[in-house]
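Participant: Chain by chain, the residues run as shown.
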Amino acid sequence: GAGVSQSPRYKVAKRGQDVALRCDPISGHVSLFWYQQALGQGPEFLTYFQNEAQLDKSGLPSDRFFAERPEGSVSTLKIQRTQQEDSAVYLCASSLKGLGRTRQETQYFGPGTRLLVL
Amino acid sequence: DAKTTQPNSMESNEEEPVHLPCNHSTISGTDYIHWYRQLPSQGPEYVIHGLTSNVNNRMASLAIAEDRKSSTLILHRATLRDAAVYYCILRDELDSSYKLIFGSGTRLLVRP
Numbered sequence: 063g064a065g066v067s068q069s070p071r072y073k074v075a076k077r078g079q080d081v082a083l084r085c086d087p088i089s090g091h092v093s094l095f096w097y098q099q100a101l102g103q104g105p106e107f108l109t110y111f112q113n114e115a116q117l118d119k120s121g122l123p124s125d126r127f128f129a130e131r132p133e134g135s136v137s138t139l140k141i142q143r144t145q146q147e148d149s150a151v152y153l154c155a156s157s158l159k160g161l162g163r164t165r166q167e168t169q170y171f172g173p174g175t176r177l178l179v180l
Numbered sequence: 069d070a071k072t073t074q075p076n077s078m079e080s081n082e083e084e085p086v087h088l089p090c091n092h093s094t095i096s097g098t099d100y101i102h103w104y105r106q107l108p109s110q111g112p113e114y115v116i117h118g119l120t121s122n123v124n125n126r127m128a129s130l131a132i133a134e135d136r137k138s139s140t141l142i143l144h145r146a147t148l149r150d151a152a153v154y155y156c157i158l159r160d161e162l163d164s165s166y167k168l169i170f171g172s173g174t175r176l177l178v179r180p
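Which chain is which? The protein sequence lines are V and F, in order.
In this text, residue positions in the first sequence follow our numbering: the first is 63, and each later residue adds one.
In this text, residue positions in the second sequence follow our numbering: the first is 69, and each later residue adds one.
If you are wondering where the hints come from, they were derived from the structure by calculation, not from laboratory data.
If you're wondering where the values come from, they're calculated on a predicted model, not measured in any experiment.
Where hints are given, some of them may not hold.
As the list claims (entries may be wrong) - Stretch by stretch, here's where chain V covers chain F in the computed footprint (C-beta under 8 Å, at least three residues):
id, stretch
1, 110-123
2, 147-161
3, 166-179
The C-beta atom is built at its ideal place from N, Cα and C for all residues, glycine as well.
Based on the sequences and whatever the hints tell you, model everything.
Facilitator: Here it is, written out as structure tokens:
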């Protein structure tokens with residue numbers, strides 16, 4: 063079956079540009095996560111959605127970062143006025159259940175979007 | 069959050085077993101031990117998880133020390149496709165957050 067897909071796979075932006083990164087989770091998955099992975103580091107949590115509700119955005123590094131999931135399926139991570147330190151791989155993950163269910167659920171990751179800000 | 073410590077890198081020969089260690093001396097009684105791996109240019113993928121008892125699945129085995137302060141991921145017969153970064157992650161059953169907290173992981177190199 064189809065896994066998590068992300069687009070674009072690669073994005074080059076000039077400093078100051080706005081970018082939008084898309085995530086298509088596995089159909090029917092309630093939970094959706096965004097992570098940021100700097101070169102040579104492990105992924106770091108950005109934000110979490112349960113259906114369309116953004117329940118945790120504690121990892122967003124600044125107010126230039128905004129995420130939405132308006133219909134509880136596809137999600138978009140938007141970065142305004144990009145800066146060089148935003149260069150990273152942005153990973154999306156989904157899992158079947160939401161809060162209140164088992165916390166040991168597997169997260170299924172997409173291939174990521176590699177963002178390079180020049 | 070309880071932290072994990074892993075070697076930065078390990079090497080193995082193809083078709084030989086690989087033992088990837090993880091130390092988690094501050095683990096709590098409600099922490100599950102999870103392993104994910106990340107192949108080159110891909111997102112992480114789930115490998116295995118356990119609480120107290122050793123676990124086996126089609127990908128690997130997880131051996132958990134009796135005091136739970138360490139664990140070992142075992143690949144019984146490494147292949148070139150197993151070359152990846154392996155992350156040992158603790159997930160608290162009582163934690164309301166679902167996020168995964170990754171460390172730097174162990175980069176496994178498999179020699180043909």
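Participant: Evaluate each hint against the coordinates.
Facilitator: Comparing the hints with the structure gives:
1. 110-123: Contact hint for the stretch 110-123 of chain F vs chain V: holds, 6 residues under 8 Å.
2. 147-161: holds (count 5)
3. 166-179: Held - the stretch 166-179 of chain F has 8 residues with a Cβ nearer than 8 Å to chain V, which meets the minimum of three.
Violated hints are absent here; each numbered hint is respected by the structure.
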